[in-house]
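Asker: Here is how the chains run, residue by residue.
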Amino acid sequence: MKSYETFSTTADTGIRFRGRGHAELYGNALRGLNLLLFGRNPRPPKSKRPSVPFRFRGDGPENVLVNLLAAAVALAGQEGKQVAGVEIRYADGRRLDARLITVPCPRLPRIDVKAVTYHNLRVREMNGRLRAAVVLDV
Amino acid sequence: MSRPIEQFAEVAPCRWRLDKSADRAMKADAEVIATREILQQALDDGAIEQVVNVACLPGLAGSSLAMPDIHHGYGFCIGGVAAFPADNGIVLPGGVGYDINCGVRLLASSIPESEFAVVADAVGHALLARIPSGLNARGLRALNKKEFQRLVAGGVGEVARRFGGDPGDMEFIESGGCLPFDTPGALGPRACERGAAQLGSLGSGNHFIEVQAVEEVFDPAAARVFGLEPGRVVVMIHTGSRGFGHQVASDYIETFRRRNLARLKLRDPQLIHADIDSREGRNYLQALNAASNFAWANRQLIQEEVIAVLEEALAMGRRGLGLKLVYDQAHNIAKFERHAADGKAIDLLVHRKGATRAFAPGHPDLPERYRSSGQPVIIPGSMGSSSFVLRGTASSAGTFFSSAHGAGRRLSRHQAIKLSAGEDVSARLRAKGILVFSLSSQGLREEIPEAYKDVDDVVAATVAAGISEKVARLWPLLVVKG
Chain A
1 MKSYETFSTT
11 ADTGIRFRGR
21 GHAELYGNAL
31 RGLNLLLFGR
41 NPRPPKSKRP
51 SVPFRFRGDG
61 PENVLVNLLA
71 AAVALAGQEG
81 KQVAGVEIRY
91 ADGRRLDARL
101 ITVPCPRLPR
111 IDVKAVTYHN
121 LRVREMNGRL
131 RAAVVLDV
Chain B
1001 MSRPIEQFAE
1011 VAPCRWRLDK
1021 SADRAMKADA
1031 EVIATREILQ
1041 QALDDGAIEQ
1051 VVNVACLPGL
1061 AGSSLAMPDI
1071 HHGYGFCIGG
1081 VAAFPADNGI
1091 VLPGGVGYDI
1101 NCGVRLLASS
1111 IPESEFAVVA
1121 DAVGHALLAR
1131 IPSGLNARGL
1141 RALNKKEFQR
1151 LVAGGVGEVA
1161 RRFGGDPGDM
1171 EFIESGGCLP
1181 FDTPGALGPR
1191 ACERGAAQLG
1201 SLGSGNHFIE
1211 VQAVEEVFDP
1221 AAARVFGLEP
1231 GRVVVMIHTG
1241 SRGFGHQVAS
1251 DYIETFRRRN
1261 LARLKLRDPQ
1271 LIHADIDSRE
1281 GRNYLQALNA
1291 ASNFAWANRQ
1301 LIQEEVIAVL
1311 EEALAMGRRG
1321 LGLKLVYDQA
1331 HNIAKFERHA
1341 ADGKAIDLLV
1351 HRKGATRAFA
1361 PGHPDLPERY
1371 RSSGQPVIIP
1381 GSMGSSSFVL
1391 RGTASSAGTF
1401 FSSAHGAGRR
1411 LSRHQAIKLS
1421 AGEDVSARLR
1431 AKGILVFSLS
1441 SQGLREEIPE
1451 AYKDVDDVVA
1461 ATVAAGISEK
1471 VARLWPLLVV
1481 KG
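Residue numbers (the numbering used here), protein chains in the order written: chain A, 1 to 138; chain B, 1001 to 1482.
With the rest of the complex left out, here is chain A (with noise of 0.2 Å):
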């Protein structure tokens, strides 16, 4: 498994990712939404870096990952906006503190995510790595 992938099923589409904590898990998540959104990643901007707070704290992982993700859909449907990076404050299994680095939108996104899902959703360690797999309603 690549450190974040697409995948789909019967009738949704999903991301899954990997990281060696969860600093690493959540940024990859990023990631893999914007390879499934726009179908690459940009670079982060090396000056001015507009960039929005995203602090939660949570049940767990599952439910950090689907308020990340579900904050950076709703960046890129209502403001045009895609994280581009993330700089992370801290990052536990139940709280993420963290700066979400935006560029302007190159287009519009490939497919319409209406809803990130805790459907299946739960984050696993294997071989000192965390993995999890997040399914989209579009």
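If you are wondering where the hints come from, they were derived from the structure by calculation, not from laboratory data. Just so you know, not all the hints are guaranteed correct.
To be verified - DMTMM-like cross-link-like pairs, simulated, lysine to aspartate or glutamate; straight-line CA separation at most 20 Å:
#, chain 1, residue 1, chain 2, residue 2
1, B, Lys1324, B, Glu1311
2, B, Lys1265, B, Glu1280
3, A, Lys81, B, Glu1193
4, B, Lys1265, B, Glu1469
5, B, Lys1265, A, Glu62
6, B, Lys1418, A, Glu5
7, B, Lys1418, A, Asp12
8, B, Lys1265, A, Asp59
9, B, Lys1324, B, Glu1304
10, B, Lys1324, B, Glu1368
With chain A's structure known, arrange chain B on it following the hints.
Answerer: Same frame as chain A, now just chain B:
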């Protein structure tokens, strides 16, 4: 590995039962309405395990049910039906789906197919230009906060009052196009923001407007009651509550999770639920009603725009064109209904996700005109195949008067795109006499006819199981895809 098909007993034609003894956690039986082939497909794609997971939920009335268009969904399969006691049962957003009150409405007309053929191309272009569709489409009507609150409380009645249209349509919409809503605090700000911008828009994915012809009539008496005449044009509209419903569902899944996750043992976290009489349960039901009202209003506004396009193209008014609403039915919803169990009346909250209510003749909630025929049940096929109109039957009591809602997906979007690589989907359909209009060529490829089950098989299973009877077959002439 999927469960072996031998665990299921065919208790009646196309009715397959899995006894609750098959799985230690099941609290009720599972019953699937399907041909053997459809059942096997559902086993293979994991949908049956979702029916089993629902049978593990507490307080389920009757069985965990699935209709013949069953396929894999989020937590709860598409085509799934589950009912819980209204007084002490549970409500689960996963049993409704994200697109709250996604549904279908059918308009009959007296327009001969041959007359429509002359203007079909112009109508297709006009519909695509005038009815917002596709990603992030803004609606025909932008609403401010107050207008939005009035709309989600008033549903179709509010649309008729503010924007015109025929108030008589309300009789032919499930629940009169309005469920009770009086708790504005149950709606989150983001849900309202998404909804206010999207009223009167088709959306994307499998949503569509189709102009069809009545190709074949199986039940002339019922067809006459529904206003369906062979060779005449009908209009079918499929859409839902857009971003508003999705946000309501997302918001309440989070709320239910915060309140209840720790105490529940769930096989799939998407099956998070709350007690109907809890604060969060009551609030979700209020928000669900608001989103349902929005969806009915959305379909009503789109209908009015379609009528305007047809009036202009055929230079005739609505009456002259004989345009009449046959029925508007929800297929992603949870509603309180009275059913009979062991000879007693019982009030239930019936969840239908990708399933249609199909009341039998004589049901008091049907419009007077349909008391003798039963409820019209609209089953769209894919964009290259027939659709069907059926009617509710008394023998569907065992499914809480529920029926199929469509053909049901067979291929993933990715598989459909791969299968249609290099193909001009519009040209293929045009060769079959079907004009297709869409802003997205990828969207069209995702929706190729092969992506869906054969609707004839779905309808055959529906009829064989006795949960609905065939009235008419419709053939697409023009498709506008979201």
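Asker: For every hint, state whether the structure bears it out.
Answerer: Comparing the hints with the structure gives:
1. B:Lys1324 with B:Glu1311: The given pair, whose Cα atoms are some 13 Å apart, holds under the 20 Å limit.
2. B:Lys1265 with B:Glu1280: Distance ~19 Å between Lys1265 of chain B and Glu1280 of chain B Cα, so the pair holds.
3. A:Lys81 with B:Glu1193: OK: Lys81 of chain A and Glu1193 of chain B at ~18 Å, within 20 Å.
4. B:Lys1265 with B:Glu1469: 40 Å, violated
5. B:Lys1265 with A:Glu62: 16 Å, holds
6. B:Lys1418 with A:Glu5: 17 Å, holds
7. B:Lys1418 with A:Asp12: Distance ~15 Å between Lys1418 of chain B and Asp12 of chain A Cα, so the pair holds.
8. B:Lys1265 with A:Asp59: 15 Å, holds
9. B:Lys1324 with B:Glu1304: 11 Å, holds
10. B:Lys1324 with B:Glu1368: With a Cα-Cα distance of about 16 Å, the restraint between Lys1324 of chain B and Glu1368 of chain B holds, given a limit of 20 Å.
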